[in-house]
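From just these sequences and the hints, can you work out the full model?
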Amino acid sequence: MGSIFDKECLGFYDRRKMASVEELGKELRGENESEKEIAVYRVDGCLIQQNQCCDYLLLIIEDKCAYFIELKGSHIEKAIKQLNASIDKFYPKLSTYKINAWIISSKARTPALRSSHMIKLKQRLKKLKGSLHIETRRAFFRV
Numbered sequence: 010m011g012s013i014f015d016k017e018c019l020g021f022y023d024r025r026k027m028a029s030v031e032e033l034g035k036e037l038r039g040e041n042e043s044e045k046e047i048a049v050y051r052v053d054g055c056l057i058q059q060n061q062c063c064d065y066l067l068l069i070i071e072d073k074c075a076y077f078i079e080l081k082g083s084h085i086e087k088a089i090k091q092l093n094a095s096i097d098k099f100y101p102k103l104s105t106y107k108i109n110a111w112i113i114s115s116k117a118r119t120p121a122l123r124s125s126h127m128i129k130l131k132q133r134l135k136k137l138k139g140s141l142h143i144e145t146r147r148a149f150f151r152v
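Note that my numbering has the sequence shown beginning at 10, numbered continuously upward.
In case anyone wonders, no lab produced these hints; they're calculated from the structure.
Ideal placement from N, C-alpha and C gives every residue a C-beta, glycine not left out.
It is possible that some hints are incorrect.
As the list claims (entries may be wrong) - Computed beta-carbon distance windows for the label pairs:
id: 1; residue 1: 61; residue 2: 150; range: 19 to 27 Å
id: 2; residue 1: 82; residue 2: 20; range: 20 to 28 Å
id: 3; residue 1: 38; residue 2: 116; range: 16 to 24 Å
id: 4; residue 1: 142; residue 2: 42; range: 14 to 22 Å
id: 5; residue 1: 23; residue 2: 123; range: 34 to 42 Å
id: 6; residue 1: 55; residue 2: 125; range: 24 to 32 Å
id: 7; residue 1: 44; residue 2: 83; range: 29 to 37 Å
id: 8; residue 1: 107; residue 2: 21; range: 18 to 26 Å
id: 9; residue 1: 21; residue 2: 102; range: 15 to 23 Å
id: 10; residue 1: 124; residue 2: 42; range: 32 to 40 Å
id: 11; residue 1: 43; residue 2: 126; range: 31 to 39 Å
Written out as structure tokens, the structure reads:
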């Protein structure tokens with residue numbers, strides 16, 4: 010399969026065993042033992058030239074799973090808005106994919122984790138056959 014989005018924004022597209030994105034001490038790592046095709050795109054400042062979007066988009070091609078990733082300080086509400094805007098923008102090209110989201114923050118305030126925006130995003134992702142994951146500083150998942 011070819012690249013879905015602008016190749017200039019493609020970080021990598023291969024079968025590496027460890028896929029990761031990192032920014033300012035926040036990191037998401039995915040272990041890919043079965044060596045599935047993975048693509049990672051830079052969204053903020055590349056696929057979208059505005060501030061209201063997530064940082065990265067990770068695609069697991071064979072599983073048809075998309076992960077919208079926001080690496081954030083502590084402003085969870087802003088991260089939710091950025092994720093929603095990114096999903097709105099790219100869902101037409103990813104309509105056959107399960108849509109997931111990650112927020113990796115330097116710290117998570119408890120009230121933000123129970124906000125109505127957070128609940129709505131979780132419900133939206135559930136309808137898109139995905140889920141929301143929130144971690145502090147570093148997160149790890151298996152492909």
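Original post:
Among all the numbered hints in the text so far, which are the ones the structure does not match?
Top reply: none
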